[in-house]
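So you can see what is in the structure, the chains are spelled out below.
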Amino acid sequence: AQTVTQSQPEMSVQEAETVTLSCTYDTSESDYYLFWYKQPPSRQMILVIRQEAYKQQNATENRFSVNFQKAAKSFSLKISDSQLGDAAMYFCAYKGGTYKYIFGTGTRLKVLA
Amino acid sequence: ETGVTQTPRHLVMGMTNKKSLKCEQHLGHNAMYWYKQSAKKPLELMFVYNFKEQTENNSVPSRFSPECPNSSHLFLHLHTLQPEDSALYLCASSQEWNRAYEQYFGPGTRLTVT
Numbered sequence: 006a007q008t009v010t011q012s013q014p015e016m017s018v019q020e021a022e023t024v025t026l027s028c029t030y031d032t033s034e035s036d037y038y039l040f041w042y043k044q045p046p047s048r049q050m051i052l053v054i055r056q057e058a059y060k061q062q063n064a065t066e067n068r069f070s071v072n073f074q075k076a077a078k079s080f081s082l083k084i085s086d087s088q089l090g091d092a093a094m095y096f097c098a099y100k101g102g103t104y105k106y107i108f109g110t111g112t113r114l115k116v117l118a
Numbered sequence: 020e021t022g023v024t025q026t027p028r029h030l031v032m033g034m035t036n037k038k039s040l041k042c043e044q045h046l047g048h049n050a051m052y053w054y055k056q057s058a059k060k061p062l063e064l065m066f067v068y069n070f071k072e073q074t075e076n077n078s079v080p081s082r083f084s085p086e087c088p089n090s091s092h093l094f095l096h097l098h099t100l101q102p103e104d105s106a107l108y109l110c111a112s113s114q115e116w117n118r119a120y121e122q123y124f125g126p127g128t129r130l131t132v133t
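If you're matching them up, the sequences are chains A and B in order. Residues in the first sequence are numbered from 6 upward in steps of one, following this note's numbering. Residues in the second sequence are numbered from 20 upward in steps of one, following this note's numbering.
Since the hints were made in silico from the structure, they are not lab data. Careful: at least some of the hints might be erroneous.
Said to hold, decoys possible - Label pairs and their calculated CB-CB ranges:
1. B:Arg-129 / A:Leu-52: 32 to 42 Å
2. A:Glu-66 / B:Thr-35: 42 to 52 Å
3. A:Glu-20 / B:Met-34: 38 to 48 Å
4. A:Gln-61 / B:Arg-82: 20 to 30 Å
As the list claims (entries may be wrong) - In the SDA-like style, the derived pairs of lysine to any residue whose C-alpha atoms are separated by at most 25 Å in a straight line are:
5. B:Lys-71 / A:Thr-29
6. A:Lys-105 / A:Ser-12
7. A:Lys-83 / B:Lys-71
8. A:Lys-105 / B:Phe-94
9. A:Lys-105 / B:Ala-106
10. A:Lys-105 / B:Glu-43
11. A:Lys-105 / B:Met-34
12. A:Lys-100 / B:Ser-91
13. B:Lys-55 / A:Asp-86
14. A:Lys-83 / A:Tyr-38
15. A:Lys-78 / B:Glu-121
16. B:Lys-60 / A:Asn-67
17. A:Lys-115 / A:Glu-34
18. B:Lys-71 / B:His-98
19. B:Lys-71 / B:Ser-81
20. A:Lys-75 / A:Gly-102
21. A:Lys-115 / B:Lys-55
22. B:Lys-60 / A:Lys-60
None of these values were measured; they are calculated from a predicted model. Just so you know, even glycine gets a beta-carbon here, dropped at the ideal spot from N, CA and C.
Make the full structure from the sequences, and use the hints.
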């Protein structure tokens, strides 16, 4: 069975600085998708970025980028120029050959002014 | 109106009560999901509906009963719950269930069982 591990329950970053959130996963599949979702306090969870496993190029979305290491089964999220609005829970998720999304336990990101 | 709405936002119920959670999506999606979110645990997928048909019951106790009358509406009927069922219940939808489409989440219902 696939698993997703986020080993950092909480992270802090100074405003305008860069922070990296870690995610590792375990799977025997070769074709899958990886996602980072953001859940702001008392607000809806939204997609931040997604990565197709067959693509070697790391996905980027404005200030958000990933470091996808397929062999190491690692999928970290880098947030550049952190803003106060980036404070949220961040969930790493995996989706393979079934319809199921498998989520990690989340990392709470605090942004310090 | 946001894409996925859920009502009520907060619910307190006793163990002998019967209540229902409602989810509605305005995105024209074909798949809808119920998740349970507890502190320090991964999101737990409970049920999946595709074109109104239930495709998965992820070993959920029978005190949770889903209903999907059409592709836009999803209910979760609750009865004789336990205190450990207290959690945030999230509804989500996606264009299709069997492809890697983005899931759109509702704001959740914060459930407290007393």
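Evaluation of the provided hints:
Between Arg-129 of chain B and Leu-52 of chain A, the C-beta spacing of about 22 Å breaks the proposed range 32 to 42 Å. The supplied range of 42 to 52 Å is met by Glu-66 of chain A and Thr-35 of chain B, whose beta-carbon atoms lie about 48 Å from each other. Judged by the Cβ atoms, the range 38 to 48 Å given for Glu-20 of chain A and Met-34 of chain B holds: they are separated by roughly 46 Å. As the Cβ distance of Gln-61 of chain A to Arg-82 of chain B is approximately 47 Å, the hint placing it in 20 to 30 Å is violated.
Note on Lys-71 of chain B and Thr-29 of chain A: the hinted pairing is violated, with a Cα-Cα distance of about 34 Å set against a maximum of 25 Å. With a CA separation close to 22 Å, the supplied pair Lys-105 of chain A and Ser-12 of chain A stays within the 25 Å bound. Simply put, Lys-83 of chain A and Lys-71 of chain B have alpha-carbon atoms about 38 Å apart, too far for the 25 Å limit, and the pair is violated. Of the supplied pair hints, the one linking Lys-105 of chain A and Phe-94 of chain B holds, its CA atoms being roughly 20 Å apart against a limit of 25 Å.
Proximity of Lys-105 of chain A to Ala-106 of chain B is assessed by CA-CA distance (about 20 Å); at most 25 Å being required, the pair is judged to hold. For the given pair, Lys-105 of chain A sits about 21 Å from Glu-43 of chain B by alpha-carbon distance, which is consistent with the 25 Å threshold. Under the criterion of a C-alpha separation no larger than 25 Å, the hint pairing Lys-105 of chain A with Met-34 of chain B is inconsistent with the structure, at around 30 Å. A threshold of 25 Å between alpha carbons decides the hint, and for Lys-100 of chain A with Ser-91 of chain B the separation of about 23 Å falls inside it, so the pair holds.
Restraint check: the Cα-Cα separation between Lys-55 of chain B and Asp-86 of chain A comes to about 33 Å, which exceeds 25 Å; the hinted pair is violated. As the CA atoms of Lys-83 of chain A and Tyr-38 of chain A are separated by approximately 18 Å, the hinted pair is consistent with the 25 Å bound. Distance check on the hinted pair: Lys-78 of chain A and Glu-121 of chain B sit about 21 Å apart at the alpha-carbon level, within 25 Å; holds. Between the alpha carbons of Lys-60 of chain B and Asn-67 of chain A the distance comes to roughly 29 Å, so the proposed pair goes past 25 Å and is violated.
Taken as a hint, the Lys-115 of chain A and Glu-34 of chain A pair is broken in the structure, with Cα atoms around 34 Å apart against an allowance of 25 Å. Restraint check for Lys-71 of chain B and His-98 of chain B: satisfied, since their Cα atoms lie roughly 22 Å apart, inside the 25 Å limit. A threshold of 25 Å between alpha carbons decides the hint, and for Lys-71 of chain B with Ser-81 of chain B the separation of about 19 Å falls inside it, so the pair holds. Between Lys-75 of chain A and Gly-102 of chain A, the direct Cα distance comes to roughly 17 Å. Compliance with the 25 Å bound is thereby established for this hinted pair.
About 24 Å separates the Cα atoms of Lys-115 of chain A and Lys-55 of chain B, which keeps this hinted pair within 25 Å; it holds. Restraint check for Lys-60 of chain B and Lys-60 of chain A: not satisfied, since their Cα atoms lie roughly 30 Å apart, outside the 25 Å limit.
Of the numbered hints listed earlier, those contradicted by the structure are 1, 4, 5, 7, 11, 13, 16, 17, 22.
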